[in-house]
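Q: Read top to bottom, the protein sequences are chains A and B. Following the working numbering, the numbering of the first sequence begins with 75 at its first residue and continues without gaps. Following the working numbering, the numbering of the second sequence begins with 12 at its first residue and continues without gaps.
Calculated from the structure, these hints are not laboratory results. There may be inaccurate statements among the hints.
Claimed, not checked - Here are the simulated distance ranges between beta carbons:
(1) A:S92 <-> B:D35: 38 to 46 angstroms
(2) A:S135 <-> B:A94: 36 to 44 angstroms
(3) A:V163 <-> B:A94: 23 to 31 angstroms
Ideal placement from N, C-alpha and C gives every residue a C-beta, glycine not left out.
In case you want the letters, here they are:
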Amino acid sequence: GDSVTQTEGQVTVSESKSLIINCTYSATSIGYPNLFWYVRYPGEGLQLLLKVITAGQKGSSRGFEATYNKEATSFHLQKASVQESDSAVYYCALSLSTGGNNKLTFGQGTVLSVIP
Amino acid sequence: GPKVLQIPSHQIIDMGQMVTLNCDPVSNHLYFYWYKQILGQQMEFLVNFYNGKVMEKSKLFKDQFSVERPDGSYFTLKIQPTALEDSAVYFCASSLQDTQYFGPGTRLLVL
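With the rest of the complex left out, here is chain A:
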């Protein structure tokens, strides 16, 4: 079946340093999946951070970027300079269809702690 694997466990980064959270995927369908990064801030629900539905394209939001690399089947999340407010749990996810009526396959989540 489809699967998503991301950097395990907790990542601790000092404020203003760079960040990369790795994400690779495996999709069984013909064609390319849609790729997402979701984030859960402390005390809040899961929310979309960014999405890319076209292979080769880059998505960006709130200073985060992720490039859809179909050759490497990767969608790593990067930020040049993190802030303490970025501390949260980050989830990489994929879906196999556009439009509604799709299902998301999630990675296991990566806890980001940004220390001052």
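Given chain A, put chain B in place with the hints provided.
A: Using the frame of chain A, we list chain B on its own:
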């Protein structure tokens, strides 16, 4: 952004009893979803629902599970009877297209 609400936030129930989890989706959304996350594990798709029907369900969506959205009110997940392995956080989501908006989850503990 758009908000999805879930009621209750926590529920403790004895094994064998029935439980209903309620989701108040974004008002103009058409597609509805439930996901399950057991502590320490990945969030997993249970079911999606559109136009009054289940469109797709996973192997986790056991016969004891059912979903409905009567007359455009809450989108509900009912488990009858509950089992110990149903203890998890259940997340509801809704969408108009491919972006799903999630609720904060209902933490269900089956004793």
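Q: Confirm or reject each hint.
A: Evaluated hints:
1. A:S92 <-> B:D35: 38 to 46 angstroms: holds, 39 angstroms
2. A:S135 <-> B:A94: 36 to 44 angstroms: holds, 40 angstroms
3. A:V163 <-> B:A94: 23 to 31 angstroms: holds, 27 angstroms
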